[in-house]
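Undergrad: Build out the structure end to end from the sequences listed, making use of the hints.
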Amino acid sequence: MDKHEFALDVSNLTVEYVTSDGIVHAVNDIDLKIPPQKSVGLVGETGAGKTSTALAIMNLIPSPPGVIRSGKIILNGYDVLHMKDSELNQVRGSEVAMIFQDPMTALNPVLNIGEQIEESILLHEDVTRDEAHEQACEMLEMVGIDRSRIYDYPHQLSGGMKQRVIIAIALCCNPHLLIADEPTTALDVTIQAQVLDLISNLRDEYRTAMLLITHDLGIVADMCDEVSVMYAGRIVEHGTVEEVFTNTKHPYTEGLFDSLPKINDRKSLLKPIIGLMPDPTELPEGCTFAPRCRYAMDKCFKRRPSLNAISDTHEVSCLAYEDPVFSIERNKHGR
Amino acid sequence: MYRYFLKRLFWLIPVMLGVSIFIFIIMDFFPGDAADTVLGEAASQEQLEEYREAHGLNDPVMVRYVRYMANLLKGDMGISYVTGRDVFKTYMQRLPNTLLLAFSGMTLAILFSIPIGIITALKRGTVLDGTLMIISLLGLSMPLFWLGLLLIIGFSLNLGWFPTGGSGDLKHLVLPAVTLAVAKMAMLARTTRSSMLEVLNEDYIRTARAKGVSKRKATLKHALRNALIPIITVIGIELGSSLGGSVLCETVFSWPGVGRLIMDSISKRDIPMVTGSLILTTMLVAFLLLVVDIIYAFVDPRIKAQYQRKK
Amino acid sequence: MKQKKTKRRSTFSEIWRNYRKNFSGMLGLMIIVGILVTILVGNFIYDYDTDVIGQNISERKQAPSSEHLFGTDEFGRDILTRIIWGGRYSLAIGLAAVLFSSIIGVVLGSLAGYYGGVIETIIMRLADIFQAIPAIMLGICFVTAFGQSIFMLTIAVSIGAIPAVTRVTRASVMTVKDMEYVEAARAIGANNFVIIFRHVLLNAMSPVIVQATLRIGGAIVGIAALSFIGLGITAPTPEWGAMLSSARQYLRGYDYMALYPGLAIMVTVLGFNLIGDGVRDSMDPKLKK
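Protein chains in written order, with the working numbering: chain D, 1 to 335; chain F, 1 to 311; chain Z, 1 to 289.
Any given hint could turn out to be false.
Computed footprint of chain F on chain Z, listed as stretches where at least three residues anywhere in the stretch have a Cβ under 8 Å from a Cβ of chain F [to be verified]:
no.	stretch
1	117-131
2	144-153
3	163-169
4	219-227
5	262-275
Keep in mind that the hints were calculated from the coordinates and are not lab data. Quick caveat: nothing in here was measured; it's all calculated off a predicted structure. Don't be surprised by glycine CBs; every beta carbon is placed ideally from N, CA and C.
TA: Next up, the structure:
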């Protein structure tokens with residue numbers, strides 16, 4: 001089954017939302033590849049287009065107002081954007097599954113959690129109701145909830161438990177790709193680590209590829225093999241976690257690192273990135289990061305950079321590297 | 001949970017006491033009294049006074065009220081001044097007609113309006129949605145008694161399909177039931193639509209779709225059940241209003257139900273009949289709303305949980 | 001004080017700006033303005049004694065024609081004239097009834113919501129009792145007991161709505177009263193009266209206003225319904241419901257008599273319902289999509 005080169009191969013994806021206030025350019029011409037069983041982090045600020053990317057992969061962009069303007073999404077061999085609804089329903093849940101940001105609202109309040117897990121199993125596997133129920137119980141135990149709670153309703157569970165149930169729903173049909181959209185943002189810090197551990201253990205067990213959407217670089221370092229940094233609907237830097245963390249290239253990525261507290265230099269000040277993300281209805285003409293970039297030159301405001309390879313695996317989208325001696329501050333001090 | 005509903009049921013007692021006091025007081029302001037009604041205009045002043053004294057009509061309101069309630073507890077709601085028949089029995093004879101009309105009208109309304117509400121929510125912003133919503137707004141703005149007259153003109157007088165009024169076989173039921181249904185339909189379709197629109201945007205619908213649940217099933221299984229609470233509320237209120245407000249529809253179609261009984265009794269100043277009928281109708285409506293509350297708990301486990309905690 | 005005033009005006013103009021964009025709301029407003037202008041003009045053209053109630057036996061029961069656009073009734077009176085004249089009763093009583101129920105309901109509701117305790121219990125239990133009696137029955141009994149004067153009719157139509165207004169106001173006041181700006185007012189020593197009316201009510205009003213506009217249509221149907229069953233405004237005064245009531249005897253052969261008064265009710269109620277929807281949408285930004 002895993003004969004395909006990539007678990008996920010997205011190319012030239014553009015997503016827009018047509019609203020009365022103008023066209024929101026949420027995702028602009030991005031490429032994203034995830035090899036089988038690998039984990040890729042998608043990092044960026046709120047509003048960078050991360051969730052839109054995820055929903056596009058499921059072909060679940062709410063329409064109207066959302067439109068997938070162009071692009072190709074191949075999901076383990078399935079061409080997601082050119083499939084009939086009935087075929088898509090077969091792919092969703094079995095080939096690709098998704099964990100959502102807010103566990104509080106992601107479960108249906110009037111159905112018990114057993115029903116919600118079983119539903120997915122019954123849709124994708126040829127089993128009887130009893131077998132599905134048994135599988136659901138096992139799944140529940142797998143995510144660390146006692147099987148006696150299978151008839152509980154969502155309102156009877158804590159936030160962390162709800163997220164566990166959602167993980168159970170996502171993994172019960174053994175998908176090739178798991179999309180985790182900020183899976184721990186809405187949880188308490190102490191629960192976050194547990195849930196991340198759970199995801200990472202289950203992923204190893206099921207050999208699932210993962211797209212992990214987050215704004216937390218620490219989580220990426222822990223959980224991912226590769227990372228794509230997204231800004232205003234574009235990927236500005238992509239590489240292995242090692243490359244992006246130790247040999248940071250893009251000024252925006254640098255800004256993200258600078259705004260993190262440093263554990264071994266507690267006296268250093270946090271350096272937030274000055275300014276705000278551009279209005280996605282009116283993206284600037286040149287590099288979208290130029291207005292906030294401390295290295296910005298005239299050309300940055302006029303010309304739009306493209307992703308250029310630095311090594312086999314490392315790409316960056318920045319005009320400054322047209323000057324071969326350019327280096328960002330972070331790399332000058334030798335880490 | 002049962003204890004909660006028992007509590008609610010007991011709570012009806014003080015409410016009904018208040019209702020009966022209010023009704024009793026307002027009846028006291030009705031022009032004319034039993035003596036006038038029973039003895040007629042020919043009676044002399046002395047005869048009237050004698051009758052009032054003999055039947056305790058000169059006692060203060062509260063004394064008469066206590067006497068009435070004491071009898072009520074014994075199951076005696078008094079005797080009609082006009083027909084001389086037992087109030088409770090007369091009411092119960094008329095009640096099935098009113099219930100039949102209210103429930104058939106409501107069933108008709110539910111059958112049409114909920115699908116309309118769901119379709120318009122799914123097709124929001126399309127021509128179909130716009131057209132159906134304009135029609136429902138017209139239905140909502142149309143006085144029920146006028147719609148009744150129009151239906152009589154169209155289907156009874158011009159086409160001759162149905163009788164203009166009265167009761168008997170199914171044919172008599174059609175026009176009044178449709179009249180009642182149209183008014184309720186407009187309200188219900190609009191509620192269903194807005195409630196569905198709200199629910200369809202919820203995260204759990206997206207979760208369901210991400211599992212591979214089809215759009216159709218996500219709408220009917222996941223969304224509709226969540227949208228049902230406001231819909232049931234409106235059904236309850238509308239059913240209550242078609243029982244309590246049955247007088248209009250029954251007047252237009254000369255339907256021999258409770259509403260007409262009350263109207264006739266009021267015009268004849270048949271005070272025991274009016275008092276008894278009003279108390280019984282109010283009780284019926286209050287009980288109906290209690291049943292609606294019970295249904296909530298079956299639809300939404302969160303509400304059930306609340307009740308259990310309140311125990 | 002001055003600042004407060006400008007702030008309030010700007011919320012109003014904000015709502016109006018939203019409202020102007022609302023197509024159906026503007027349509028409703030146009031319908032109602034049209035009706036008001038017609039009634040006003042009719043007041044000067046027609047004479048009550050001759051045109052509106054004056055009988056003209058020679059022209060009885062004439063079907064609609066160029067001379068009598070809506071036809072004439074059983075006494076030879078022009079139905080269009082009577083409908084235009086009758087509009088004043090529906091509109092005046094409808095609006096007055098909503099105003100009355102809103103004022104009483106808001107006062108009771110804010111007392112209950114602000115003070116809580118015994119006051120709240122008494123008010124809300126009374127609301128329970130009044131809400132239990134079907135509204136139209138309440139109106140019918142009220143009119144029978146106290147007579148069919150315009151004042152009593154207004155109360156009869158509005159009385160059934162008071163418990164609902166009380167509930168909405170109470171709920172709204174309860175959410176607002178613990179807000180920080182109310183705490184702040186209390187901290188600087190404003191008295192309860194000032195706090196309720198200046199700080200709490202002004203901020204709690206929007207659901208009440210929305211409810212009130214949506215109820216005008218219902219009140220107009222209410223007065224027509226009372227007249228229709230013979231307990232409202234009575235002949236020869238040309239109230240729409242009363243006109244329908246007398247037209248009932250002539251359905252066979254003279255159905256136009258029952259057509260136009262009902263149409264007048266429907267268009268008016270439609271206008272107010274459209275306005276109500278528009279007001280709700282423009283006051284509640286959450287609903288904007």
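Undergrad: Now, for every hint given, state plainly whether the structure supports it.
TA: Here is how each hint holds up against the structure:
1. 117-131: holds (count 5)
2. 144-153: holds (count 3)
3. 163-169: Not satisfied, violated; 0 residues make the cut.
4. 219-227: The restraint on the stretch 219-227 of chain Z holds, since 3 of its residues have a Cβ under 8 Å from chain F and three suffice.
5. 262-275: Result for this restraint: holds, n = 8.
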